[in-house]
Amino acid sequence: MIAELGLAVLWMAAALAVLQLVAGVLALRPEGRQLAGLVRPVAVVQGALVAVAFAALVSLFLTTDLSVKLVAENSHSMKPFIFKLAGTWGNHEGSMLLWVTIMGVAGGFVALIEKRLPENTLIATLAGQAFVSLGFYAFLLLSSNPFERLAEPAPEGAGLNPLLQDIGLAFHPPTLYVGYVGLSIAFSFAIGALVTRDVGPAFARAMRPWVLGAWIFLTLGITAGSYWAYYTLGWGGWWFWDPVENASLMPWLAATALLHSCSVLASRNALKAWTVMLGVIAFSMSMVGTFLVRSGILTSVHAFAVDPERGSFILALLAVYIGGALTLFGLRASTVTEGARFSFVSREAALVLNNVMLCGILGIVLIGTLYPLLTEAMGVKVSVGPPYFNPVSAVFAIPMMLVMGVGPLLRWRQDSLEGKGAARITLPVGICALLSAAVLLGVVLFAHHIKLLPALGLAVAAGLAPASFLPLRGRNLRRTPLPTWGMVIGHFGIAVALFGMASESAFSTEKLAAMRPGDVQQVGPWTVKLDGIGPVAGPNWTALEATVAAGYESAAPVMLHPQARTFSNPPGNRTESALKTRWNGQLYAVLGEEGDDGRWQMRFWWKPFVPMIWYGGALIALGGLLALLGRVAADIRRLVATDKIAYRRMKQGR
Amino acid sequence: MNRLLPMKRLLIALFALLLAPVLASQLSAQDMLPPAPYAYKQLSDPEQEAKAQALMETLRCLKCQSQSIADSDAPMAGDMRHQVRTRIAAGEDPEAIRQWLIERYGDYVSYTPQVKPITWPLFAAPAVILLLAALLLRNRFRKGGKQ
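One line per chain: the protein sequences are A and B, in this order. Each residue of the first sequence is one higher than the one before, counting from 929 in the numbering used here. Each residue of the second sequence is one higher than the one before, counting from -4 in the numbering used here.
In short, the hints are calculated from the structure, not lab data. Treat each hint with caution, since some may be false.
[To be verified] Listed next, the stretches of chain A that the computed footprint assigns to chain B, with coverage defined by at least 3 CB atoms under 8 angstroms from CB atoms of chain B: (1) 1153 to 1166; (2) 1277 to 1286; (3) 1289 to 1297; (4) 1310 to 1321; (5) 1438 to 1449.
[What the hints assert, rightly or not] Listed below are the simulated DSS-like cross-link pairs for lysine-lysine, each with C-alpha atoms no more than 30 angstroms apart in a straight line: (6) B:Lys46 to B:Lys36; (7) A:Lys1439 to B:Lys36; (8) B:Lys58 to B:Lys36; (9) A:Lys1043 to A:Lys1572; (10) B:Lys111 to B:Lys46; (11) A:Lys1457 to B:Lys36; (12) A:Lys1309 to B:Lys111; (13) A:Lys1379 to B:Lys46; (14) A:Lys1439 to B:Lys111; (15) A:Lys1508 to B:Lys46; (16) A:Lys1508 to A:Lys1457.
For clarity, every value in this text was computed on a predicted model and none was experimentally measured. C-beta: ideal position from N, C-alpha, C; glycine also.
All chains, please: the whole structure from these sequences, using the hints.
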């Protein structure tokens, strides 16, 4: 019953999306004016209906209704509650429904609250949103119906891949999806503004909170995904340049660029065409990412859909949306002027450089990810991995980070680095640069085993960390606006994450050892002793658990319990590494297999300052959150003020 | 068959002779481990181990999903780690080992793209992007400087 209800509601939501699109398009013409009032309410109801459909699917998963094909294929009655819930979106159909749900709800939300934009631009935006949603509705209803019943209910479900049965991964996809969909709103705004030829500060201000929100979620999603890979895969790697990771990184890079160009457009009315273009690119990258992950074109844990039909469907959607948006851009770009001019030394110029460099990295990641697919189609299999991505992206990233230290100190429009006023910039920045140089010199003199990239990373991080606080200099900290705090903390987060990455590759110590209970090994400053190995059991797994006593230098040892888990439904193994975090790094312990001679293969890493990578990621997201709060609070204050003025006018009878 | 025997013995002796220094320095203290002892065991010389590690991180585990042989539990990755460590210990050059593996498994095994006709766009990409960026920026600021 619930499945049928869900399907019926989904069809209704799709029908309303058609209405939203048609009414929106007609309302933009003079003869269709009276339809304008229809678009907003329809968008709201569409969002509500699709949310009901998603709730229906969640309830099917929570009750493990095995007569539904999707539940039988992806869930199991013995799974813990949280993974039954996460199972809803841990599969192809469910994740697509989640995508369209977030999109519908976000569209409804825009329809409810957005009051700044000219009504025409907003209607065009909502029509654009309906147009994008429709593609996904068609995809769901025609080729991947999540509510399909089995002729005969299955006796038991097939379960969820053990690697995915992890709390980190339960919330990783929805976080990323919220980010992707937030970018779809930015995309719709860009389309709306192109249709009505109305690109200006109001458009940038309306779009900015959505970009910021999307960006926060993308940042958190990528950070969480990286930490998940780090502790689940059991070898201490935190970024693999895997196509699936790249698929989430590319929208982030585009969104970061969009965020910065948005602020130029909002405060200086410059970079108009460029901002619209980035709005299109950011969502296109989300769709390319979804295509890469969902089409099964990559062989990876994420690519559960190995069905070429679906792949072609998403490819067609990609072609329609990206192609359509680019065509519209091509037709209208000439009528959108670039806006206000600025000189080479100015904050706009620094932000333009940031944008260009981010797009450079984006280009590299895109080419590096897609090129192997291209050569494979030509019959040659090649691999593109860290040895390509790391140095090549650094070519763009390092200049960008250098400019990042100076840019926020520059004035808008025109500034000078000469003359007497310039000391306010050159002096503090000079000190930070000296700090960087000192670190680099220190590495060259005392630690020349450190390779070039980590050394550069350490040096840049050392200068960037203090430099990111310079915009606060000479300000009354209590009156500093929240968005400025957000920028400072976000930039500081970049320095922190960079330091973590560089330190991890510069200073990690690895120890692989075959150990008997009682054996002792040395890992960097740690002394580790294998105390014993015993069996443990969880809700749907059994495991061997090692007890390891780990002592840092001469301190009293702490107990670590790495596990090797065996899952029964579906059968699979997973190592559960044990981590001991100190302020200055992390000890990472893994239990491997038992050798023929009764010794256990143990792996240990001491990774100085590695948690900084994820603390940095969290700081970046926090910076985004502060900026968002500041912007939204200002918007609300302004709304309240305009309402008050309108109210007074009404009372005075004007 | 009998005629072959001395030949075989000779070969085995030669092989043992070749491996002797390696065995003596690396294996003497170790009890016998499973077939690929260096899958989960580091070389005792830290410099050689670092070299092996750097190489292993750039070789793809052919049986896994986007993992290098340095971060995989797959038996094949273990075998390849053993190969790499043994060869590094025998004094082979890391790039020679990479070429040997490429000959055996194809370009796919190396995460470092090889400079070949088919891969030139990969190496041209950064230069093209930088060039585009320079063009874009040059235009912007020349116009901007006018004011």
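We went through each hint and held it up to the structure:
no.: 1; hint: 1153 to 1166; result: holds (count 5)
no.: 2; hint: 1277 to 1286; result: holds (count 5)
no.: 3; hint: 1289 to 1297; result: holds (count 4)
no.: 4; hint: 1310 to 1321; result: holds (count 8)
no.: 5; hint: 1438 to 1449; result: holds (count 5)
no.: 6; hint: B:Lys46 to B:Lys36; result: holds (14 angstroms)
no.: 7; hint: A:Lys1439 to B:Lys36; result: holds (8 angstroms)
no.: 8; hint: B:Lys58 to B:Lys36; result: holds (21 angstroms)
no.: 9; hint: A:Lys1043 to A:Lys1572; result: holds (15 angstroms)
no.: 10; hint: B:Lys111 to B:Lys46; result: holds (25 angstroms)
no.: 11; hint: A:Lys1457 to B:Lys36; result: holds (17 angstroms)
no.: 12; hint: A:Lys1309 to B:Lys111; result: holds (13 angstroms)
no.: 13; hint: A:Lys1379 to B:Lys46; result: holds (12 angstroms)
no.: 14; hint: A:Lys1439 to B:Lys111; result: violated (37 angstroms)
no.: 15; hint: A:Lys1508 to B:Lys46; result: holds (28 angstroms)
no.: 16; hint: A:Lys1508 to A:Lys1457; result: holds (14 angstroms)
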